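Participant: Chains as they are written, first to last, in my numbering: chain A, 1 to 438; chain B, 1 to 438.
Hints were generated in silico from the structure; no laboratory data involved. Since we're looking at a predicted model, the values are computed, not measured. Where is the CB? At the ideal position from N, CA and C, for every residue including glycine. Treat the hints loosely; a few may be bogus.
Stated by the list, open to error - Taking beta-carbon pairs under 10 angstroms as the criterion, some of the chain B residues facing chain A (in silico): (1) Leu-32; (2) Glu-35; (3) Gly-139; (4) Lys-144; (5) Gly-152; (6) Asp-277; (7) Ser-281; (8) Phe-287; (9) Ala-289; (10) Val-292; (11) Val-296; (12) Ser-314; (13) Leu-320; (14) Asp-322; (15) Arg-330.
The primary structure of each chain is shown beneath.
Number of protein chains: 2
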Amino acid sequence: MEEKRKQLRIGLAGLGNVGTGVYKNLLKNQDLLSERTGTTLVVTKIAVRDINRKRDIEVPKELITSNWNELIEDPDIDVIVELIGGVDEAFKLISGALNANKAVVTGNKAVLAERGKELIELSEKQNAPLYCEAAVAGGIPIIKAVKEALIGNRIGSIYGIINGTSNYILTRMNSGGIEFSEALAEATEKGYAEADPSLDINGWDAGHKAIILGWLSYGQWLRTEEVSVIGIEDISLDDVAFADDLGYEIKLLGVIRQAKNDERIEVRVSPNLIPKDHILSSVDGVFNAVAVHGDVVGETLFYGSGAGQDATSSAVISDLADAAENINNRVGCTGFVPKGEFGTVLPLSETISQYYLRLSVADRPGVLAKIATITANHDVGILSVIQPEPESSTEHIPLVLLLHDASYGTVQAALKSILELDTVEPKHTLLRVETLEQ
Amino acid sequence: MEEKRKQLRIGLAGLGNVGTGVYKNLLKNQDLLSERTGTTLVVTKIAVRDINRKRDIEVPKELITSNWNELIEDPDIDVIVELIGGVDEAFKLISGALNANKAVVTGNKAVLAERGKELIELSEKQNAPLYCEAAVAGGIPIIKAVKEALIGNRIGSIYGIINGTSNYILTRMNSGGIEFSEALAEATEKGYAEADPSLDINGWDAGHKAIILGWLSYGQWLRTEEVSVIGIEDISLDDVAFADDLGYEIKLLGVIRQAKNDERIEVRVSPNLIPKDHILSSVDGVFNAVAVHGDVVGETLFYGSGAGQDATSSAVISDLADAAENINNRVGCTGFVPKGEFGTVLPLSETISQYYLRLSVADRPGVLAKIATITANHDVGILSVIQPEPESSTEHIPLVLLLHDASYGTVQAALKSILELDTVEPKHTLLRVETLEQ
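Next comes chain A alone, as it looks inside the complex:
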């Protein structure tokens, strides 16, 4: 009698952009996956919000349900793929599945950032694995890389370009010389930005991913209020050009790292000046990249499509293959759940970096001297100064300073004093400069 071929029966919750990609690509490469894993990966039920919605792909009607509870209650389903998005309902779905001892694959960064701690604890308690490769940086296997490939390393730092929309906009501002609003319109037109791009532009899409990377690296789930998140909406073409003059490019970075000379950790997102000769600055358009520094491996970088139907489904499918292997081997949670090493979070005011400060100052002698006196009094060194020739006679001209390593609190205090000078306008831009050296 022929041995019955092993099957992994998948319940798919959500048939939006990524869900459609998962269904389509599982079918497309089913033979390949079956050959490689020894298991046939089959979607046996799909929960959708609106049964009657017209879709890009044909799905057998008998697979479809409008109630995701049916996926949880179906004893024949081995693993549930959560792609419904949002926080509250997704939390119910994932925790329900784990409580039913089913493995879960999710691509939902928001629910992990908000409630990852509870979900991972539940996963361990139930010995039902929770996979989330698709939640960070789409097709880039950064979760597997940090959890498994770099397991022998203490993570010194992670610098990630982890929002494709922002990176597209900044790339176009830099290479095309167009303003933020024009670049955003272009991104929307090309389908790179959502109809409502606010989570991309305000930095929180990257913020959620940074929280997950913080957990992977240091075993702690930071609360959203512990994470400083600044988006790219205030970056001007002038800043892009001044950065270029100074040898830098502006990128929205997720920064996850152990503070220098300190065991405390910092997790934050903001636009940063990075050196043009660093490979991260070559990451253009909608691509993502994550640079990871480990104490044993040194510098590494992982690059690819951070979003999109196909790239993200590649990540979901690799999680499904891992789930198939664990289920076949009758093993529950495997992989290496990170353990907390560092107990405390560095307050934002104590985080250290270099800074780019653009001021608008009166065009008269002595202004720079006054500003330099203030920074010196705060013990902040000046690395370089750009004071462009005014193009026409204007009352105020730009003054750009590159400031030496200092705590954010110190720089804020110095800035406050500078802005009190009657020769300095209130409008200014303060950006971090990351040398990416560790």
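Here the structure of chain A is known, so what remains is to put chain B in place on it, guided by the hints.
Facilitator: Just chain B now, with coordinates in the frame of chain A:
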């Protein structure tokens, strides 16, 4: 009674550069690894060639033996790490360990390239896993990425900068304007090149790695005689400069891909012109990078240190963690051993790319017309031509052609006719141009 802490007992064969790194870093991060894997990773025996050799690290004398058979015969050893190098003895050691049902971790690309087929078959037969992350691209987890993270993908192509010494030399020629011999001397002085750098310079170090990547991608072990390998020794500073003028940079690439419009595969190593705006051209110095194109994920790239004691030991340690997990779960071979998809290898003469051809021609009218007639007769289009003004009156001047996509055989035939012209000198340089589009 307290539960006995799980242990993974490691027999280490070879205490050279990488072996020393493995021993040192396992000790350095032992607590971290124990916390993450639930297992204490302990080296319980070390086989070395010369017991009395002075070493950089202190190793308890009782661990050391000069006979690696003791590692195989020790029933308490779970896994053997093979870092002795070479082919014949390493083959005996690895096959002996697998026959004794021990897991094996190796960083030895030569033994895999020469005898990987037998070793993998033995591993499967014995259900004793064979791990080889450290054999390709040092600290970059490219084996895990292709085998596990990209499991849902058909691999369209892999383009790898997988020899750090060659990349250092080409980087210095490009950015420093120094000749090959001077750059090689610099690499040797800095410890980036071996005392005998021939395997780096003639391309075969990369060739071995390309064979392993070919197996990972297409399930086939190509024989060394099926792989075309060309090193960088004939690259001149003029070629580097002409490539730059044309918008390219010269890199030694391992190319593993499915031929265009064809299911046949090609595996080869040669210096290639690649576009300066592709991220691979930003990979400088001793760093390695591997660009993988999958049909689902699209373009990805993995970057890091391709060699060195610490980076390579990071890869060995991740294999040991995987071995620990499998042994704890009483599971033998896991992961996804690739299966053959494509039965045949594309002969070198049928491989297709664009080409860079530098000729030395007589400085008189009509020469280009004759050459263009020959290429047209072979149906090879010319994309661009550089004919620099001669600096002084010389009899022969360089002529650089960029040729359209054509098979290697066709270009060789056209070149043969061109070199028969009495206005063309025999000395020439023919390099491939990779657009890296797929």
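Participant: Please go over all the hints and tell whether each is borne out by the structure.
Facilitator: Verification of the supplied hints:
{"no.": "1", "hint": "Leu-32", "in the structure": "holds (6 angstroms)"}
{"no.": "2", "hint": "Glu-35", "in the structure": "holds (5 angstroms)"}
{"no.": "3", "hint": "Gly-139", "in the structure": "holds (4 angstroms)"}
{"no.": "4", "hint": "Lys-144", "in the structure": "holds (5 angstroms)"}
{"no.": "5", "hint": "Gly-152", "in the structure": "holds (3 angstroms)"}
{"no.": "6", "hint": "Asp-277", "in the structure": "holds (8 angstroms)"}
{"no.": "7", "hint": "Ser-281", "in the structure": "holds (8 angstroms)"}
{"no.": "8", "hint": "Phe-287", "in the structure": "holds (8 angstroms)"}
{"no.": "9", "hint": "Ala-289", "in the structure": "holds (8 angstroms)"}
{"no.": "10", "hint": "Val-292", "in the structure": "holds (9 angstroms)"}
{"no.": "11", "hint": "Val-296", "in the structure": "holds (4 angstroms)"}
{"no.": "12", "hint": "Ser-314", "in the structure": "holds (4 angstroms)"}
{"no.": "13", "hint": "Leu-320", "in the structure": "holds (8 angstroms)"}
{"no.": "14", "hint": "Asp-322", "in the structure": "holds (7 angstroms)"}
{"no.": "15", "hint": "Arg-330", "in the structure": "holds (9 angstroms)"}
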